[in-house]
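Please put together the full structure from these sequences, using the hints given.
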Amino acid sequence: MKRCLPLAAVIVLTALLPLLLDPRGYWIRVLTITLLFAAMAQAWNIVGGLANQTSLGHAAFFGIGAYTSTVLLLKFGISPWLGMVAGGVLGGLAAFVIAIPTMRLQGHYFALATLAFGEVMRVIANVWTSLTGGPSGLSVPFVPPSFAAYSFKLLRPHAWIALVALVIVTAIFEAIRRGAMGYRLRAIKQNAAAAEVIGVDTTRVKLQAAVISGALIAMLGTLYAQVAVFFDPDTVFSIAGISIRIALIAIIGGVGTAAGPILGAFFIIPLEEIMNDLLSSRAAGLSQLVFGIILISVILWQPRGFITVFGSLRARLSRTVSP
Amino acid sequence: MTILDVRAVSRRFGGLQALSEVMFSVSRGEIVGVIGPNGAGKTTLFSTLVGLIRPDSGTVTLDGRDLAGLKPHRVASLGMTKTFQNVALFAESSVLDNVLTAGLLHHGVDAARGEALNCLDRVGLRGVAHKQAGNLSFPERARVELARALCTAPKVLLLDEVMAALNHAEMAEIMQLIRSLRDDGVTLLVVEHHMRAIMNVCDRILVLNFGRLLADGTPEQVARDPLVIEAYLGRSREAARR
Amino acid sequence: MSFLQAILDGLLIGGVYAVISIGLTLVYGVMGIVNFAQAEFLTIGMFVAWFAWAFLGLDPVLAAPLSFAVAFAIGWVVQGQLIARVLSAPSVAQIFLTVGVLIVIENGSLLLFGSQFRSVTTSYQTMSLSLGALFVSVPYLIAFSMSLACGIALWWFMRASWFGRAMRATAQNPSAARLMGIDTELMYKIAFALGVGLTAFGGAVILPYVTVFPGVGGQFVVLMFTVVVLGGLGSVAGAVVGGLAVGVIQALSSLFFPIQLQNLVLFIVFILVLAVRPQGLIGASR
Numbered sequence: 001m002k003r004c005l006p007l008a009a010v011i012v013l014t015a016l017l018p019l020l021l022d023p024r025g026y027w028i029r030v031l032t033i034t035l036l037f038a039a040m041a042q043a044w045n046i047v048g049g050l051a052n053q054t055s056l057g058h059a060a061f062f063g064i065g066a067y068t069s070t071v072l073l074l075k076f077g078i079s080p081w082l083g084m085v086a087g088g089v090l091g092g093l094a095a096f097v098i099a100i101p102t103m104r105l106q107g108h109y110f111a112l113a114t115l116a117f118g119e120v121m122r123v124i125a126n127v128w129t130s131l132t133g134g135p136s137g138l139s140v141p142f143v144p145p146s147f148a149a150y151s152f153k154l155l156r157p158h159a160w161i162a163l164v165a166l167v168i169v170t171a172i173f174e175a176i177r178r179g180a181m182g183y184r185l186r187a188i189k190q191n192a193a194a195a196e197v198i199g200v201d202t203t204r205v206k207l208q209a210a211v212i213s214g215a216l217i218a219m220l221g222t223l224y225a226q227v228a229v230f231f232d233p234d235t236v237f238s239i240a241g242i243s244i245r246i247a248l249i250a251i252i253g254g255v256g257t258a259a260g261p262i263l264g265a266f267f268i269i270p271l272e273e274i275m276n277d278l279l280s281s282r283a284a285g286l287s288q289l290v291f292g293i294i295l296i297s298v299i300l301w302q303p304r305g306f307i308t309v310f311g312s313l314r315a316r317l318s319r320t321v322s323p
Numbered sequence: 324m325t326i327l328d329v330r331a332v333s334r335r336f337g338g339l340q341a342l343s344e345v346m347f348s349v350s351r352g353e354i355v356g357v358i359g360p361n362g363a364g365k366t367t368l369f370s371t372l373v374g375l376i377r378p379d380s381g382t383v384t385l386d387g388r389d390l391a392g393l394k395p396h397r398v399a400s401l402g403m404t405k406t407f408q409n410v411a412l413f414a415e416s417s418v419l420d421n422v423l424t425a426g427l428l429h430h431g432v433d434a435a436r437g438e439a440l441n442c443l444d445r446v447g448l449r450g451v452a453h454k455q456a457g458n459l460s461f462p463e464r465a466r467v468e469l470a471r472a473l474c475t476a477p478k479v480l481l482l483d484e485v486m487a488a489l490n491h492a493e494m495a496e497i498m499q500l501i502r503s504l505r506d507d508g509v510t511l512l513v514v515e516h517h518m519r520a521i522m523n524v525c526d527r528i529l530v531l532n533f534g535r536l537l538a539d540g541t542p543e544q545v546a547r548d549p550l551v552i553e554a555y556l557g558r559s560r561e562a563a564r565r
Numbered sequence: 566m567s568f569l570q571a572i573l574d575g576l577l578i579g580g581v582y583a584v585i586s587i588g589l590t591l592v593y594g595v596m597g598i599v600n601f602a603q604a605e606f607l608t609i610g611m612f613v614a615w616f617a618w619a620f621l622g623l624d625p626v627l628a629a630p631l632s633f634a635v636a637f638a639i640g641w642v643v644q645g646q647l648i649a650r651v652l653s654a655p656s657v658a659q660i661f662l663t664v665g666v667l668i669v670i671e672n673g674s675l676l677l678f679g680s681q682f683r684s685v686t687t688s689y690q691t692m693s694l695s696l697g698a699l700f701v702s703v704p705y706l707i708a709f710s711m712s713l714a715c716g717i718a719l720w721w722f723m724r725a726s727w728f729g730r731a732m733r734a735t736a737q738n739p740s741a742a743r744l745m746g747i748d749t750e751l752m753y754k755i756a757f758a759l760g761v762g763l764t765a766f767g768g769a770v771i772l773p774y775v776t777v778f779p780g781v782g783g784q785f786v787v788l789m790f791t792v793v794v795l796g797g798l799g800s801v802a803g804a805v806v807g808g809l810a811v812g813v814i815q816a817l818s819s820l821f822f823p824i825q826l827q828n829l830v831l832f833i834v835f836i837l838v839l840a841v842r843p844q845g846l847i848g849a850s851r
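Chains as they are written, first to last, in the working numbering: chain B, 1 to 323; chain F, 324 to 565; chain S, 566 to 851.
Some hints here could point you the wrong way.
Stretch-level coverage of chain B by chain S, calculated; a stretch enters the list once three of its residues show a Cβ under 8 Å from a Cβ in chain S [what the hints assert, rightly or not]:
id : segment
1  : 114-121
2  : 188-200
3  : 237-247
Don't read these hints as lab results, they were simulated from the structure. The beta-carbon is built from N, C-alpha and C at its ideal position, and this holds for glycine as well.
Listed below in structure tokens is the structure:
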């Protein structure tokens, strides 16, 4: 109980932040996006951290979620909350379908396969115009503000919903990490054959991790759709903007730990925003270019400890935060 | 009462016939030794029994249940598991976590922890429960692996050279442990190179060479079998005669 | 008849797909890494050829060796300075290094060249020859012939030249190769530079019928991956078979399915191969 206190304090403080920020302002939007990406990275962390499989295709599920809830809303007037659940189901299903052929693949090959899946979803979305509106994207229709309709006048509720989502996804991550599934995943990561021999159903456990991760990210796609109000295939199925970004956030923050994605998001997203501000106004692509250069530099500087670049910093901070 | 029945199991890897028509049965509560020169197919046999390798032909039956096509985790849940020759621990996890994971086969996390501690007690390693598995000495790791296999509550336990790199005292302890496991109702198959240990503790011995079963009998019978002597035990006698 | 026409078109295009994808599989075969930036070198090749056309009046087909050379040089530096340093690092680091290169090249192109679409016009763009009842599109034919020439050169290099044999030795067993006096660092540089050079060559060759813009490489990513997975990740011969197969599959599916579903067919092929035979049709083991 005593260790939970600092954690609870942080959550409460973060919940108070939106009240301090200008409700129509720029920074509350950044906060919302940061919280959202932290949640997404945490969901990725289940596969990338606990199951140790570097997936570069999670945008597939994110986009599925965003499109499912929005299309259901547009075509049938279904509330985004229900749409979110439907998106979660579809996302989990997609994860299942993708996990089966990719399960036996290692490292690079796995990353390649998942990247390809994400790309294919993007192409399908761009081309299946009757369902998705094609490259012109979809707009979430305006609905009179109400909680039930997931429609709000200000950004604050979106920030709070994102915070709640982050807390829930983190709780799920921790439950997995500490529970039987966590032990099994750690065993598989270290020696899959030995794990099998002592009774770990490696296929089933990996599938479970994949499905949970995919379903969660899909649901976060709905959150994004409701905040962004407009999106297109190239945004929600983006390799660089979604798949790579959430993997990097988790990795730089500390893959396999609960605090990692959170710290990573709060470091990277605001940094990106600042860089965008400073540089992109000069020229399109400049901030991304700088980001790429920074990424390469970081890896070269600490190739073995790419994962622990901010590890010591994180460790010092997280001694107060993580259990 | 037959608990394990192996019929005409064969397995080829490319040009090498690793196992050839291997046939034997094991009764409940037996301690069966498996010996043979390096490369004879002993580890391949164990891997086939637990399902890591699929035989090209033949059947393996555990307690009346045909194990064809079953993955190792299924075989483990049916009651058979093995240890690895070069020890395959989860090096970054703690000793306790290694054993606990095996306990998850039949228990929830908390109960599995209790079981794991019991198994560690059994092999005398409770004191290092919280050490990182990769930091232990080789004999200690072999014992952790034994504890881990035990934690799956097996009916049939396959031990692959658990006594490698042990001194006499340690070997005696393991042999005692093996006997006590049998007293608890576990059937054991033991691959070993230490002849005296094998002859001492086993009820029966299987001799493999080039994937074939050369002999199947009591230690005395096997020691006198001319085929076995020629292939394995008696090369020095051959040399002495010349 | 349209069936045969589709197969012909598919083979012609497939030959180019093979050249574009060989680099990816070659790098994996020799170094064990997937170069996630591979498709960006296609973009580089296309831009080089376009600028050669716009400012020097060079036909893209003639500019192809120039594209090869530029990409080769860039690849040499990238391998030597960047990739060499992570060859013994965990795969996560390797993956994200080439991802970083991808980001840099794609956005670098955006900065340098702007986002507009560019294309070339050549005298033979709409020409076609007749082969009995079939039509042979001239740009396709030229692209295929160039690819064939390239393929033969590569085959000679890999089989008959010392460098090629040294590279194959390095791919099979780096420590043994070193013991035999092969400079494996050099081999890696050659393999990588050669690999990206080939992709760039392929880019130049398709310029007559594909529009170039900074993101064009991204459009070929899934295709390249399907080709190498189909043929077997690491197998050069596999990339050839895979390329031809993908070309034919694409062409045939355009006969039977509306454009929406054509990509789906490729996607299904990709999944099936992964699920049923991840080592590919020819299947080199790494």
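Counting residues of the segment 188-200 of chain B that have a beta-carbon nearer than 8 Å to any beta-carbon of chain S, does the count reach 3?
-> That given contact is violated, which follows from only 0 residues of the segment 188-200 of chain B lying within Cβ reach (below 8 Å) of chain S.
Stated coverage of the segment 114-121 of chain B by chain S [criterion: 3+ residues, CB within 8 Å] | Result for this restraint: holds, n = 4.
Verify the coverage statement for the segment 237-247 of chain B against chain S, using a C-beta to C-beta distance below 8 Å and requiring 3 or more qualifying residues.
-> holds (count 4)
In summary, the structure is inconsistent with hint 2 from the numbered list given earlier, while agreeing with all the others.
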